[in-house]
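> Order-wise, the sequence lines are chains A and B.
Every number in the numbering used here is 1007 more than the matching position in the first sequence, counting from 1.
Every number in the numbering used here is 561 more than the matching position in the second sequence, counting from 1.
Since the hints were made in silico from the structure, they are not lab data.
Any given hint could turn out to be false.
[What the hints assert, rightly or not] Taking CB as the label site, the calculated pair distances span:
#: 1; chain 1: B; residue 1: Arg1288; chain 2: A; residue 2: Asn1109; range: 35 to 45 Å
#: 2; chain 1: A; residue 1: Gln1026; chain 2: B; residue 2: Glu1314; range: 22 to 32 Å
#: 3; chain 1: B; residue 1: Gly957; chain 2: A; residue 2: Asn1109; range: 46 to 56 Å
#: 4; chain 1: A; residue 1: Glu1044; chain 2: B; residue 2: Pro1145; range: 42 to 52 Å
#: 5; chain 1: B; residue 1: Pro578; chain 2: A; residue 2: Met1008; range: 42 to 52 Å
#: 6; chain 1: B; residue 1: Asn1258; chain 2: A; residue 2: Gly1057; range: 21 to 31 Å
[Said to hold, decoys possible] With a Cα cut of at most 30 Å, we get these calculated DSSO-like pairs of lysine-lysine:
#: 7; chain 1: B; residue 1: Lys750; chain 2: A; residue 2: Lys1019
#: 8; chain 1: B; residue 1: Lys1505; chain 2: B; residue 2: Lys1549
#: 9; chain 1: A; residue 1: Lys1053; chain 2: B; residue 2: Lys1444
#: 10; chain 1: B; residue 1: Lys1545; chain 2: B; residue 2: Lys1437
#: 11; chain 1: B; residue 1: Lys1227; chain 2: A; residue 2: Lys1034
#: 12; chain 1: A; residue 1: Lys1019; chain 2: B; residue 2: Lys753
#: 13; chain 1: A; residue 1: Lys1056; chain 2: B; residue 2: Lys989
#: 14; chain 1: A; residue 1: Lys1104; chain 2: A; residue 2: Lys1053
#: 15; chain 1: B; residue 1: Lys989; chain 2: A; residue 2: Lys1053
#: 16; chain 1: A; residue 1: Lys1056; chain 2: A; residue 2: Lys1034
#: 17; chain 1: A; residue 1: Lys1019; chain 2: B; residue 2: Lys1005
#: 18; chain 1: B; residue 1: Lys1212; chain 2: B; residue 2: Lys1549
#: 19; chain 1: B; residue 1: Lys1545; chain 2: B; residue 2: Lys1327
#: 20; chain 1: A; residue 1: Lys1034; chain 2: B; residue 2: Lys1444
#: 21; chain 1: B; residue 1: Lys1505; chain 2: B; residue 2: Lys1534
#: 22; chain 1: A; residue 1: Lys1034; chain 2: B; residue 2: Lys1436
#: 23; chain 1: B; residue 1: Lys989; chain 2: A; residue 2: Lys1106
#: 24; chain 1: A; residue 1: Lys1114; chain 2: B; residue 2: Lys1444
#: 25; chain 1: B; residue 1: Lys1305; chain 2: A; residue 2: Lys1034
#: 26; chain 1: B; residue 1: Lys1384; chain 2: B; residue 2: Lys1250
[Unchecked claim] Residues from chain B that keep clear of chain A, each with C-beta distances beyond 10 Å, as calculated:
#: 27; residue: Ala927
#: 28; residue: Asn1047
#: 29; residue: Glu1055
#: 30; residue: Thr1144
#: 31; residue: Ile1146
#: 32; residue: Ser1147
#: 33; residue: Gly1232
#: 34; residue: Lys1305
#: 35; residue: Lys1531
Since this is a predicted model, take the numbers as computed values, not measurements.
Idealized CB from N, CA, C, for every residue including glycine.
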Amino acid sequence: MLILDCPYCGVKAEETELQAGGEAHLKRYGPGSSDEEFDGYMFMRKNPKGVHFERWRHAYGCGKWFLAARCTATLEVFGTYPAQTSAPPADLQAKIKSKRPNWEGYK
Amino acid sequence: MSTRLPKGGRLIDRTKPLNFTFNGRRMQGYQGDTLASALLGADQMLLGRSFKYHRPRGLVASGAEEPNALVGLGTGSRFEPNQRVTTTELFEGASAASQNHWPSLEFDVGAINNTFGRFLPGGFYYKTFMFPRFAWKHVFEPVIRQSAGLGKVPQDRDADRYEYAYGFADLVVVGGGVAGLAAALQAGKEGKRVLLIEQTAHWGGRAPVDGVEIDGRPAEDWVKATVEALGKMANVTLRTRTMASGLYDHGYLLAYERIGDHTPGDGRPRHRLWRIRAGHVVTATGAIERPLSFAGNDIPGVMLAGAVRDYVVNWAVSPGDRTVVVTNNDDAYRTALALTEAGLIVAAVVDARASVTGALPDAVRAKGIRVLEGRGIAKVKGTKRVTGVSICAQAGEGAEIEEIDCDAIAMSGGWSPVVHLWSHCGGKLIWDDARAMFRPDAAKPPTGDDGMSMVTAVGSANGALTADEVLADVAKQMGGKAAKTNSVAEAALEPVWIMPQGAGPQLKMKMWLDYQNDVKVSDVQLAAREGYHSVEHTKRYTTLGMATDQGKLSNINGLAVLSDALSQAIPQTGTTTFRPPYTPISMGAIAGEARGDIFQPLRKTPMDEWHGANGAYFEPVGLWRRTYCYQRPGEGVHEAVNREILNAREKVGMLDASTLGKLIVKGPDAGRFLDMLYTGVMSTLPVGKCRYGLMCNENGFLSDDGVVVRLSEDTWLCHTTSGGADRIHGWMEDWLQCEWWDWKVYTANVTEEYAQIAVAGPNARKVLEKLGGMDVSAEGLPAMEWREGVLGGCRARVYRISFSGELSYEIAVPASEGLALWKALIAAGEEFGVMPYGTEAMHIMRAEKGFIMIGDETDGTVIPQDLNLNWAISKKKADYLGKRAQERSHMASPDRWKLVGLETLDGSVLPDGVYAVADGVNANGQRNVQGRVTSTYYSPTLKKGIAMGLVKHGPDRMGEVIDFPADGGKVFKAKIVDQVFYDKEGAKQNV
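Could you build all of it, start to finish, from the sequences and the hints given here?
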């Protein structure tokens, strides 16, 4: 029963208000892509014990999708941010790096 | 015998006797009794039978850790099995019955398993029932089913009500013993919003029983004063009978409040499930005493030393007249003192330690009680009740030194902190060698969303043993100053995992670890010999700790025995995983209010009331309820459906289509967006027209379908399936917010804003024309177009679309005008023979026309090409969701099963979902298949069975007959035909 702060409406949202959307920062591959590229986009998902970036929708709130960075091992939430970005904000990455020096980056 | 003592009992009120029955026998207890103390007071020691060997079982404990004493409680609509008598408060008229025996508690046939116990070792399920294969189904399983299971299933609907409640606190203190009270008091003084919960009905925990004095007064007085002080704090809430069942992510705590268990039928909810969000949790959950593993330690009369003390002090019940205390620590001497104080005989204290000195043993010796040092119990005498013990040297192999007569044994193997809540959400444990216990590792606590510790374990739950240690630990971790107590120094315990230490196999086979599941020392050692080195595997192989008490007594002893067998240290073996709930909670509490009419929300269309008043037979469609058919008096469901279809085909019918999903998509980029969403092209759809569309997921599979309407230059209305509206709306938002966020598009789900009515049949136009207000002629409103206007006084949008194959109009009006329009149409249509029709008639009519239905023809593995819907897939578009996936070799394979019509040779109706068989067998020896039925109905129009199905190379095999074996051995022979059974040219709808 996670709590995540919705970066749009500011509500401290409980998991029952949220819809999980899997891994964040996927790049879509459409027609013209190779089998390997499409396979990676469609099926290959990270499952780290540690820092993870996820998509969440404030489904029973403002309805907005947002992204969250959290630790799957300790459940620590490093931050949430709007979905309209292809990379985590630099300050958030710096914060994670300071808390998890061995973190290898979001890619 | 066990009996009620003439005086004493700090929790009972002798002026309030309560009557109850056990197995039909009348008994009496007092207000304040638990069912356990009342039974024991009435000399009922034998309370049940164990699970595997059906051995006689009595009380072992006095609290939530009790493994044996489970009963069926109550009768009729208030019957519940597996109720723990130690946590059941006695009430007037309580009716309890023992479980797991046949034919009676005293004489049990299943106990024959006990005699043959040597043939039922640990893991016997896995060994015995493997071969021969057929024997499982025909021999073993029926026998096991007969004897498995604890208790009976309630037969009546639960008469009680249950509820959820929500709580929020800066600090939740779990456990109302002296540690919890002291912690809550300190936090309360600091102004924190505190919730203090206690699982029993009483505050104070063990301290009052153990003779603790705090600040120079009896613990009982200190408890009373502290509870009073807490009660006066506005920021502190106190709640008894509330058990913290589980701690989850980010301080989410579930607690189970038993409001009305002891006052059944008084109108209050029976249980309340608290969903609490805690800023921080303090676990002051105390410790549980461990049994000692000696032969016959499961015979009724063998109890935990602390429990014996509880029964004597709290409820003035003596478990026996003559007790032997057996221990490896000083604490159990308190039991000897309590028994002596109550005037009972302590035959001896048997201490495994070679030399025993210290204040408590000295006090016992001063009472003239024998203390046997370096001794253990070789064997307990008796079957249904302890009659004596055989004493041996703990260091030896069990040779009898002397025999002592007794009818009760109080055992103590040390104490284990209750670390469940600490562990539920990731807190780690460390092994404390000096105290022989796992306790919370403060360096590795469960963490919250800020990455900081969210739990603090205090007192005995943190490994503190004496009252001094407990209060000092609270002060150290919570702040404030620790009160002084009368604690005396206690000598260290000596870990004793089996007694005597050199016991041979004969004795180990009678040393119980898990009482409820009948797991013995020999079973765990066998598991180790057979290669089960992981504690989690050993648990599952032997069933150790898998009973309803979840190993509260057995786990530490079991893993110590396993460690010994593996010649490794206990921390190396580790513990099994602690999972919620701490003790079982009722199914009623989990359901809460969600039962009967409010099990889930019910969505009704604006015309629902009319349907109900006109014979509607409802069916659920998602959360909606829709009319399956309208039954007339004396008419069966199938007759009604057939009548509705024939009437719509011959005259005119009306369908309430309001549940259809309606999504507005608007903006400069809306057309471009819909071209990505649908397989077809929607951007070129002219204003005023409608077009059928398919949506796929990125895996290429068909996900939803419906008619798309161009409302204006920048606005489209997308119809979805009834069950798909919310899902598809979410799908649209996902792509707009997360992928194409620079596209200028708005969406809105307006499903409930409009009522929608389909008017279908040869007379449909006449009905609308009679209603008047709009030009609905063939020229004024051609097929697949729409017009806006006022129809019969209602603001209407009329679409000329048909899902039935008839001349058809779908009319959308504001929801508030739906019922008026429906009634107006019924009245106007009377002279043209109008009848409403339901969802089943709709389904059959669409099948007659060969139209697909999402969820029938599709199941998440079907692509549009499988359904011959290539005409609805744009070949010009560079991209749409699912296009890349459909280019994969398996999707483009000519061997995919494709949609065809199916017609049985004898006109009968194919069973739904049956498979068509092909020659030969597959690698598993199963018959090869070549297709399956997706929709099948009796068509009243064609007066025969019709079906659709997916068949390998189907469209190329028209006229071929294939076999569909069904249940019962019957084989249906069906011919592959065109999927459109009715009016293939479309002459009926294009008029």
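> State for each hint whether it applies.
Status of each hint after checking the structure:
Taking 35 to 45 Å as the suggested C-beta distance range, the pair Arg1288/B and Asn1109/A conforms, at roughly 40 Å. Against the hinted window of 22 to 32 Å, the Cβ-Cβ separation of Gln1026/A and Glu1314/B comes to about 23 Å, which satisfies the hint. Checked against the hint of 46 to 56 Å, the C-beta distance between Gly957/B and Asn1109/A comes to roughly 55 Å, which is consistent with it. At roughly 51 Å, the beta carbons of Glu1044/A and Pro1145/B sit within the given window of 42 to 52 Å.
For Pro578/B paired with Met1008/A, a C-beta distance near 46 Å keeps the hint of 42 to 52 Å intact. At roughly 30 Å, the beta carbons of Asn1258/B and Gly1057/A sit within the given window of 21 to 31 Å. Taken as a hint, the Lys750/B and Lys1019/A pair is honoured in the structure, with Cα atoms around 28 Å apart against an allowance of 30 Å. A C-alpha spacing of about 21 Å is found between Lys1505/B and Lys1549/B, which places the hinted pair at or below 30 Å, so the restraint holds.
As the CA atoms of Lys1053/A and Lys1444/B are separated by approximately 25 Å, the hinted pair is consistent with the 30 Å bound. This hinted pair checks out: Lys1545/B and Lys1437/B have alpha carbons roughly 28 Å apart, not beyond 30 Å. Pair hint Lys1227/B plus Lys1034/A holds up; C-alpha atoms about 26 Å apart against a cutoff of 30 Å. At roughly 21 Å between alpha-carbon atoms, Lys1019/A and Lys753/B fall within 30 Å of each other, so this suggested pair holds.
A threshold of 30 Å between alpha carbons decides the hint, and for Lys1056/A with Lys989/B the separation of about 17 Å falls inside it, so the pair holds. Straight-line distance between C-alpha atoms of Lys1104/A and Lys1053/A comes to about 19 Å, which keeps the hinted pair within the 30 Å bound. At most 30 Å may separate the alpha-carbon atoms for a hinted pair to count; Lys989/B and Lys1053/A meet this at roughly 26 Å. At most 30 Å may separate the alpha-carbon atoms for a hinted pair to count; Lys1056/A and Lys1034/A meet this at roughly 22 Å.
The suggested pairing of Lys1019/A with Lys1005/B holds, with an alpha-carbon distance near 26 Å, which does not exceed 30 Å. At roughly 12 Å between alpha-carbon atoms, Lys1212/B and Lys1549/B fall within 30 Å of each other, so this suggested pair holds. The suggested pairing of Lys1545/B with Lys1327/B holds, with an alpha-carbon distance near 24 Å, which does not exceed 30 Å. Between Lys1034/A and Lys1444/B, the direct Cα distance comes to roughly 16 Å. Compliance with the 30 Å bound is thereby established for this hinted pair.
Restraint check for Lys1505/B and Lys1534/B: the C-alpha separation of about 14 Å stays at or below 30 Å, so the hint holds. Taking the CA atoms of Lys1034/A and Lys1436/B, the gap is about 24 Å. The hint holds against a cut of 30 Å. Between Lys989/B and Lys1106/A the alpha-carbon distance is near 21 Å, which keeps this suggested pair within the 30 Å criterion. A hinted pair counts as satisfied when its Cα atoms are at most 30 Å apart, and Lys1114/A with Lys1444/B qualifies at roughly 26 Å.
Between Lys1305/B and Lys1034/A the alpha-carbon distance is near 21 Å, which keeps this suggested pair within the 30 Å criterion. The straight-line distance between the Cα atoms of Lys1384/B and Lys1250/B is roughly 28 Å, inside the 30 Å bound, and the hint therefore holds. With a closest Cβ-Cβ approach of about 54 Å to chain A, Ala927/B is found to remain outside the 10 Å limit, as its non-interface label requires. No Cβ of chain A approaches the Cβ of Asn1047/B within 10 Å, the least distance being about 42 Å, so the stated non-interface status holds.
Listed as a non-interface residue, Glu1055/B keeps its Cβ farther than 10 Å from every Cβ of chain A; the least gap is roughly 38 Å. At roughly 20 Å from the closest C-beta of chain A, the C-beta of Thr1144/B stays outside 10 Å, upholding its exclusion from the interface. Every beta carbon of chain A lies more than 10 Å from that of Ile1146/B, the smallest distance being close to 17 Å; the non-interface claim holds. Every CB of chain A is more than 10 Å from the CB of Ser1147/B (nearest about 21 Å), matching its label as outside the interface.
Every CB of chain A lies more than 10 Å from the CB of Gly1232/B, the least distance being 18 Å, so the non-interface label holds. No beta-carbon of chain A comes within 10 Å of the beta-carbon of Lys1305/B; the shortest separation is about 13 Å. No Cβ of chain A comes within 10 Å of the Cβ of Lys1531/B; the nearest lies about 42 Å off, and the non-interface call holds.
The structure is consistent with each of the numbered hints, conforming to all of them.
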